[in-house]
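*Asks:* The listed protein sequences derive, respectively, from chains P and U. Residues in the first sequence are numbered consecutively from 0, following numbering that gives the first Met the number 0. Residues in the second sequence are numbered consecutively from 0, following numbering that gives the first Met the number 0.
Treat each hint with caution, since some may be false.
Identical chains share a label here; the pair holds if one copy fits it or two copies do between them.
Claimed, not checked - Computed list of lysine-lysine pairs in DSSO-like fashion (alpha-carbon distance at most 30 Å, straight line):
{"#": "1", "residue 1": "298", "residue 2": "15"}
{"#": "2", "residue 1": "298", "residue 2": "363"}
{"#": "3", "residue 1": "168", "residue 2": "121"}
{"#": "4", "residue 1": "222", "residue 2": "121"}
{"#": "5", "residue 1": "41", "residue 2": "10"}
Since the hints were derived computationally from the structure, they do not count as laboratory data.
2 protein chains.
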Amino acid sequence: MNNFTFINPVKIIFGKGQIAAIADEIPADARVMITYGGGSIKENGVYDQVIAALGNRSIVEFKGIEPNPHYETLMQAVNLAKRHRIDFILAVGGGSVIDGTKFIVAAMEYEGEDAWDILAKKVPVTKAVPFGTVLTLPATGSEMNSGSVITRAETKEKLAFGSPFTFPKFSVLDPETTYTLPLRQISNGIVDAFTHVLEQYLTYPVNAPLQDRMAESILLTLKEEGPKAILNPQDYDTMSNFMWCATMALNGIIRVGVPTDWATHYIAHELTALHGIDHARTLAIVLPSLLRYKQETKKEKLLQYGERVWGVSSGTEDERLEATIQATIAFFETLDIKTKLKDYEVGEDTIREIVRRFEERGVKNLGERADIQVKDVEEILTMSL
Amino acid sequence: MNNFTFINPVKIIFGKGQIAAIADEIPADARVMITYGGGSIKENGVYDQVIAALGNRSIVEFKGIEPNPHYETLMQAVNLAKRHRIDFILAVGGGSVIDGTKFIVAAMEYEGEDAWDILAKKVPVTKAVPFGTVLTLPATGSEMNSGSVITRAETKEKLAFGSPFTFPKFSVLDPETTYTLPLRQISNGIVDAFTHVLEQYLTYPVNAPLQDRMAESILLTLKEEGPKAILNPQDYDTMSNFMWCATMALNGIIRVGVPTDWATHYIAHELTALHGIDHARTLAIVLPSLLRYKQETKKEKLLQYGERVWGVSSGTEDERLEATIQATIAFFETLDIKTKLKDYEVGEDTIREIVRRFEERGVKNLGERADIQVKDVEEILTMSL
């Protein structure tokens, strides 16, 4: 096992009826801004529960944080919050609203000229306005970590940041808030969470059997519960299990002491930035090709994953590796998530553009062995055509 | 899955050489008290590393926190710390030193007449002096939770308390600090951690498959790594895996949303209080009888545990239940932990005394179904004779 540091101070308040509990989590005299997305929370009762819980607190609303939240939109929220001297933000929504809110709270306290530098120049965040979340879409795990991915619409850049100051103070996870999700978002959430686990698990062994089994626990549970969630998205137990899997997939607990990959995410972000393809779908496009391309260096973990998660135990090593990758693809396709670029009408032009951008940005040394260079990215994407 | 709240703000700093990292975790101007046990840390190099890391900070030492730490001893530490206006405590040792330190930091800020009331009268802790830990014995999980068990020597009472204010600020887990542990303590630690998991797992199903698998992950890893730790207690990877299992067994993560038992602990504490038997050994005495006594209401989880952890899959239901309990006993005995009262020269007198104490204290409704009464405790202990 490698040396590690772990900390995760987020308070999780899980279960039906728990939105009311935010009344005890936000200071009674707080000046609160609620951030949300397109407004579905006004149709499914979540908004009403939030307003009831906030009681007499002074409230400002910021509506319209889009999927892959835009820097441009978020800076409007920053201005609104500053104007109203907001001292607590409540993010109500999925990963985009929560990621966006992490940027807002950091940008509100940013003392440099342009808060975009937090992303582009990796300027460290040294303070932030406190915030909590009410999660309505299990997927990204943002509700229990300090990371955030932001898109600049103007330049089609999608960049990440994180800081000890951008952990939510609390997150409410009420599975009932997911009952009205479109199936497309449920599928996306399952694939997103599943891929988060694989990024932290399909690397190379470092004798960390507990972390391996914890990762496999999430994979096996998503494998079981995912298809059930599609069939019956109003089954409380199913949605509870899916929701908790998505949170556990990226709260840091399976990552301790082991190498992590993240090349799939790094490459996939470009497909969203350039074409607006759903994040989870871009992962499903890149991951299988990356696993095939890297199957030699990932062999031991791939074989273990195949056997323990998909029951792949017979055949030559090469056959088992391929069967394992095929099982992963089949799982994504069961969830109606396509895994080829052509399924999204994306061709070689886009690969060339991604190569150009990576060369311009000086991208190099991706993956757990820091051995994926731009030419490898080109080959991986070509395998996904 | 049941509703739940989870929070665990402890920073874990794991790995070889990490004691030096405490230099960055304790304020530079802190007045530090170091608490420790019998002094083995002065022989194995841990003390020297701690002193080096603390640098120029003002330091007071409190030596002599015994196993099953005594209220009487800890109150001496409270007085010493107050006299020196200590504002940070560093606990260096195993679960007893850490549990004891949690009581010290709470008692230092206690405003009532007698800090024993925190235990005996369950007076809530409302503030505490901050503290960190350097763990030297994987076992209790105290390094990453807020709970503590304290013994009053005078009355032979062993009672528990916990509070949001008694989480360590940080815990350093360096597996190399375990290299000089007596085998007896390694065995105890394995059984202690294993039983912690079972207390949170062997109850009844509530459709929480991820929590079940996470619990089984720890059990399977302890089953594998435990015997290796006994054979080769200076193998870094083995001790790392054991250490991380023990921490994960009681940091709250496997407990979320599921019922918990804890009757074994409740009963076993009396055997330590009355006879000074090692905590882990009292668990090994009580657990098998409790499982047999309650096998009807614990049936579904017992069968799952038997199959997934011990590979028990054939025979009638009764045969599988008994084979599962036998496998658990055999595991304890492999670690040289005896499971009968007579192995510790304890007889019916002690059972009568425990019954008397429980009746006097009005103990009732133990276990996940709150259905274990004093007469059941008597029967369970009689089965362990």
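*Asks:* A separate judgement is required for each hint: does it hold in the structure or not?
*Replies:* Tested hints:
Proximity of residue 298 and residue 15 under a CA criterion of 30 Å is satisfied inter-copy only: 28 Å between copies versus 42 Å inside one chain copy. Proximity of residue 298 to residue 363 under the C-alpha cut-off of 30 Å is restricted to the intra-copy arrangement: shortest distance 22 Å within a copy versus 55 Å between copies. With identical chains, the CA atoms of residue 168 and residue 121 are at most 30 Å apart both within one copy (23 Å) and between copies (28 Å). Neither within a single protomer nor between protomers do residue 222 and residue 121 lie at most 30 Å apart by alpha-carbon distance, with minima of 36 Å and 44 Å respectively.
Taking the shortest Cα distances, residue 41 and residue 10 sit within 30 Å of each other inside one copy (25 Å), while across copies they are farther apart (38 Å).
Hint 4 from the earlier list is the only one contradicted by this structure; the remaining hints agree with it.
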